[in-house]
Structure formats: structure tokens, C-alpha cells
Amino acid sequence: MTERLRRMDWAHDRGAQIVVVLLVAVVLAAIPTNERQYANLIRITFLVLWYAIMAGAWNIIGGYAGQVSFGHAAFLGTGAYVTGTLWQTFHIDPLLTLPIAGLAAALYSVIVGAPTLRLRGPYFAIATIGVGEATRLFVSNIDDITGQVITHGVTGISLPNYDPAKVHYATVAVFVVVMITTILIREGRFGLGLFAINMDRDAAETSGVPTARLQVLAFAISAFFTACAGSLYAARQQFLDPTTMFGFDKSIQVVLMPVVGGLGTVWGPVFGALLFGGVQDQISSLTRNPYLPQLIYGLLLVLVVLFEPLGVAGLLGRASSAGRAFVRPRRETTV
Amino acid sequence: MRIRSLAVAALAALLVTAACGGGGPGAAPTSNVPDTIIVRAALPLTGADATPGGFFKNAYELYVKRVNDAGGLNVGGKKVKIDFKIEDNKSDAQTSGQLYEKFVTQDNADFLLGGYNTTSVTQEVKVANRLSAPYVGSGGASSSIYVDNKWAFGTLASIQKLSGTQLAFIKDQQDAGKLPKPLKIAVAYENSSHGNEFLQGINDGAKASPDRYTVVFSSAFDLSGKDYTSLLNRVKDAAADAFMVDARVGDMITMQTQYAQLGLYHKYLTYGPRGPEQQARDQLKAQGDYIIAATWFDGLMPGDNVKKFTDLWTAAGLKSSASWFEAGAWEAARILFSAIEKAGTVDKQKVHDTIMSTTWDNSIFPGGAIKFGTTGQADNDYVMTQNTPNGAHILIWPKTLATGAATIPIPKK
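These protein sequence lines are chains Z and R, in that order. Sequential numbering of the first sequence, starting at 0, is according to numbering that gives the first Met the number 0. Sequential numbering of the second sequence, starting at 0, is according to numbering that gives the first Met the number 0.
There's no promise every hint is true.
As the list claims (entries may be wrong) - Which chain Z residues face chain R? A few, computed with CB under 10 Å, are given here:
| no. | residue |
| --- | --- |
| 1 | I41 |
| 2 | T88 |
| 3 | P121 |
| 4 | V153 |
| 5 | D280 |
| 6 | S283 |
| 7 | P289 |
Said to hold, decoys possible - No more than 30 Å apart at the CA atoms, straight line, and that leaves these computed lysine-lysine pairs for DSSO-like:
| no. | chain 1 | residue 1 | chain 2 | residue 2 |
| --- | --- | --- | --- | --- |
| 8 | Z | K165 | R | K149 |
| 9 | R | K84 | R | K306 |
| 10 | R | K56 | R | K84 |
| 11 | Z | K165 | R | K306 |
Hints are computed from structural coordinates only; laboratory data are not their basis. Since the structure is predicted, the reported quantities are computational estimates derived from the model, not experimental observations. Idealized CB from N, CA, C, for every residue including glycine.
Kindly produce the complete structure, drawing on both the sequences and the hints.
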């Protein structure tokens, strides 16, 4: 699959991709936030963008570098809880806490990633499952262990009301930053190094690619943006509990979206998020069956694994020249 | 050309999103009375809380069916049918929150009936407040749910009051010489705000009356546990007179089974609001005898309203007897729909104000009336029960409602 991505060498203009991202952002930001008739569109937009941010962030480490993390809920929860705590305790505007939450998760990812990213294949994946679950249990029980009220344990943190319009604009902004970051990484030397690691870590190392450093950096960037998604969730939902924020199901969802949408592509995670967030939401509405969308998504996953490793983005690439732009391959870059 | 293709495709994706979530025009508050009102609820119909979720569903649906069969609600002289739908939240709090948001923004629901379990209800109440949608529920008793709340109403009295009721009963037994002073209490509580408030209520009582209550052991436990023997062995080592637990039904069954297997004994044994549930009695059999509970409703309570309710339940063939789950959901539905009729409008603010300002008489809850406090939570008294060896139970507290004398201390087996 990586070879196919490498070979499909067209549509090199990263500026064009950024323009598309900005166009999307302008359209989304133009949705009236105060009019009741658009409330549902705002709700679905948040759902899709929130998933797209997480999926795009995961794609940096999982899609580009090929290191499959099943523990990203740890970073999502870290971001949410850092924002929740700063907001509740120090009354800091939740959107101002995004960088702090992101940095906290990035730091955590470096501490976790430095040793675990030395592991290869399934061993790294298994290690990240452990990290995710350990983090959930830590947050659930830290109050009992220390005797201090820090995370409110399983009870969760109940947060004040917050302007949903601000959250909408912030979500669009974070989406733009994540998309531009993933485009720039993918087209730059950093991305080339990550794809080299993905294809053959030993060969990359022999060629002088600083594999350990690049992986840890990719993991940290991925964690940063995942935490930003957590912060946005805190500002919008105003209630955090460890089971929801650190749950293993969240880690699985984050993996599934890029896989179904198009692993290693820029737009694949967005397609995955659109399917996972928007389409699933509407299917469950129509059928009143919360499990049918999961079944459909599972079938899609099987089809992707069997027939189209580049997921929805790959299908679009096969279908038309316009669609091919969405599976834009990494630009050939000379290191 | 390339840029144009990308832009066209991106906008196409956006249009798909927009089409998916289009939704019709919003149901802005209006004094005009529509032909139908839209009411929605999300319940745990599958997953860990499917059993109580099913009880809630039965109560809501039965109430709505009775209203619609009678022609609908009388709103300002006009008969209005109820368009009521329930969706499954899979016993997941985040899903529940998302569903309630969808009910208001997509289904244009006018009013909301509540779900079940503390975490889910907390999410739901947040959504109700964010979207200014009147919400009446009976699936969460933790006071923390109703902090900074305006639009949600909960029919269940607080968990701290539950602890306080049990301590008041214990005091009465101490005065009768049936329990020692001070009573050494071991507390185990589920790791949730429900459990924390249960412990808090006991600690508050012990602090206020150290001559009567001493907490010698307290520990949290995770929900849906499979092995409580380690916890129970520590309880045994504490040599307490009373073992007071706050647990959900499933956890109570698991813990009480292991409690009996380990041969533990206490003069006073409670699982908070759990004990007389049919599911527990069926599974625990003699191991469930003499367990004491404080609950929000019991079908043995006297009064015409209670009898009518339990008869209705039996006639509907839903269950042999309704528990507090069904009773709470019934009361939530009764209050919401009665408020709409009383307000004579579907205007959300007016219905909200009517719910808040009215004393809801003819209640099947203890005291016969429900009045919401400033936080939106009701404050009715609890009724206490004790399981009896024949698989049944009796009311033991308050004295005015008692149907038999409590067996205290619990006999050793």
C-alpha cells in the first residue's frame, strides 16, 4: 500500500490542498450559529470535525509512520481533563487552554513513546492498549489514592455552560490547523522520513533517517492534536468522566476512521470521520437502531481490508481523476 | 483545473453533510398549540443497564398510550396527541448526551423524558440546559447532577437523604436497644457520585452523632465487578456491627452471593436503595433475606394512588409488581404531561415554570406529593423495606407506613 501511495505521483501542489481546506473552513464558519434551524447542522459539523481532528492526528503516527496506536484515548482524555481542570479550578477560558492541554498530552506522549516506540509491529500496539487502560484507571482512582480531589474519579467533572458558537469556530480552526499540518508533514522531509520508517525501518535507519526521533516527534504532534479534540469536547459537552474520555472504544474509533477513509492519505481521515460521525448518526436516526451503523462500518472495514487498502480515498482515486486528488500521494522529495 | 476539481469535490462532501443534517425549521417557543407534541427519551435498552432501562420504557410507553388512547392531552382546550419515541443509548453516557442533542436539534422535540444512571443523566441534563429544553427524569438521584441546573427536573430525592433516612432508622433501633451505641459501620460504595454521596451522608451522620455512629471502614468498588472477596475480607477484618453498601442491582447480587459464601455476618445489612427487587430475590433466594433498603417507592405503600398504579401495572401484564424504577418514570411522565395541560401551552418556558411552581399532588411517592426544589430535584422522604424469608418484603420505616416489625439485629444463619 505504501508503495502504491509512493507511486501515485501526481497533484503535487500542496498549496491547492491548503486552499481546499481553507474553502471548507470558510463554508463551515459561515453556518449561522445563533439560528435554531441550523442547530442540527452545527451539531453534525462538530461531530464530523471532532472525529476528523482525532483521525487526522492519529494518521500522522498510524498512517504516515505505520505505528498503530490503540491508546490515543489517553491523549484525548488528557486534553479534556487538563481543560476541564483549568476551567473549573482557575476559571481560565476553555478555548485558551487548548495549547496547554495539547502540550500536556504531547509531553505525556514523549514519556510514553520514547520507550514504547522502540517496539515493532503488534508489540507497540499492545503497549499502547496498556497505556490507555492504565491512564483510565489512574484518572478514575487518583482521588482515592491521594485523598485529594483532583479528577473527581468516576464521578466526573461537571463544567459550566459555554458559548456553543465559540466552540464551533474553534473546532473549525483546529480542523484547519490539523489539516494543514498533515499536508505539510506529508509533503516535507519529515513526512518522507515517516513513510520511510513505515516501509522499512531498518532500511530507513541505514539510510540515515533518525527513526527514533521522528517517531517520537510524530507521536507528540499526534497527541497534541488529539488533546485539542479533548479540550473542544470539554468546552462543548461540559461533562467529563473517565469511562467516556479514556475508554478503549474511543481508541478503536480513532483507528477505524483513517483505515476506512484512507490510511496515510490527507483526506482519508476526513472521509472516515464523515462516515463515522455524520452518516452513522443519520443511519441510526432513520433506523432507530444504534447497532446497525456499527455493523455497516464493520462491513466497510472488511471490504477495505480485502479490496481497497486506501479506503474511501482509494475508491475515489480509482473512480475519477478529480477523486484521485483526494489520495494525493506523498510528493517525491529529495532528502 | 486541479484546484477547481478539489474545491468542487470538497463542497460536494459538505453538501452531503448538510443534506444529512438538514433538519426542518426549529420548534421555536410558540403559544400556538400544535396537533401533536414531540417528546423523546433515550434509555439503556441494551448493555449493562438494559434491565432498568426496560422498566423505564414500559412506564413511559404505558403512560403515553393511556394519554393518546384518551384522545391526547388537553392543551388550552385542544386535544393534542403525543409523538413519543425512545432510542437506545446502549448504556453509554456519551451516546445518551448525543441522542438528547439530536432529539432537540433534529427531531425538534418539544420536551424530554429522562434516561437512567447517574453518568448518563448528567450528560442529558447538560444538553437540556444547553438547549433550553424542559426535561423530567427519574434515573439519577445524585445531587451533583443538578448543580447549575435550570431546565431539568428529577423526581428522585438525593442519595445523602437516603443515607440520612437509614441513620434515622438505626437511631430508632438503638433507642429500642436492638443495635449497639455507637454502631460500628463498614461502608462499601460504588465508584460513582451516587456512591460518594452515600458515603458522604453516612460520614455527615457520624460527625454529627459520634456517640451513635462510627465509620470503621470505607472503600469504593468499581461498577460491574466480578470478584468482591478481597473487599469483603477487609470488611470482615473491620469487625463492624453494620455493613452499609451502595450498589446497583447486579453488583448487589454478586456481592451478597460472595458475602454469604465467605460467611460474613452483620447486625445490620443494607445495599442502599437495593434489596426487594424481584430480580435480586429470585437470584439470591435465602441469601437475600433480611436485607434492608431505603427506596423512593414501594408497591406495599398505602393509599389509593399507589393501589391504582400497582393495579394498572398488573392489568397491563408488564410485571407482577412495579418497583421504584417504573414508579419514578411514571411520575416523571405524569408531571411533564400534567404541566403541559396545566400551562395550557407548549411554550417551553411556561411549561418549565409550571413544573417548578406546582406541588404535584396525587403522587405515588411517599408523602403523596412532589415539589421540586430550586435545583430541580425533588425531596420526598424515603420508605424503608426489609426482605423476609418467604421471598417477600415488608415496609419497616417510617413507622406510619410500616407493614411489619423489622427483624433487628439480623438473625445469624
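Hints, verified against the model:
1. For I41(Z), the interface hint holds, the least distance from its beta-carbon to any beta-carbon of chain R being 8 Å, beneath 10 Å.
2. For T88(Z), the shortest C-beta to C-beta distance to chain R is roughly 15 Å, which exceeds 10 Å, and the interface hint is violated.
3. The beta carbon of P121(Z) is not positioned within 10 Å of any beta carbon in chain R (closest approach about 28 Å), and the interface hint is therefore violated.
4. Among the interface hints, the one on V153(Z) holds; its C-beta lies about 4 Å from the nearest C-beta in chain R, closer than the 10 Å criterion.
5. The criterion of a C-beta within 10 Å of any C-beta in chain R is met by D280(Z), whose closest approach is roughly 7 Å, and the hint holds.
6. Given hint, S283(Z) at the interface with chain R, holds; its Cβ is 8 Å from that chain's nearest Cβ, closer than 10 Å.
7. Residue-level restraint check for P289(Z) holds (minimum Cβ-Cβ distance to chain R is 5 Å; threshold 10 Å).
8. Under the criterion of a C-alpha separation no larger than 30 Å, the hint pairing K165(Z) with K149(R) is consistent with the structure, at around 22 Å.
9. In summary, the hint linking K84(R) to K306(R) is supported, as the alpha carbons are separated by about 28 Å, within the 30 Å threshold.
10. Proposed proximity of K56(R) and K84(R) is supported: the alpha carbons are some 10 Å apart, at most 30 Å.
11. Distance restraint check for K165(Z) and K306(R): the Cα-Cα separation of roughly 52 Å exceeds the 30 Å cut-off, and the hinted pair is therefore not satisfied.
Checked against the numbered hints listed earlier, the structure breaks hints 2, 3, 11; every other hint is satisfied.
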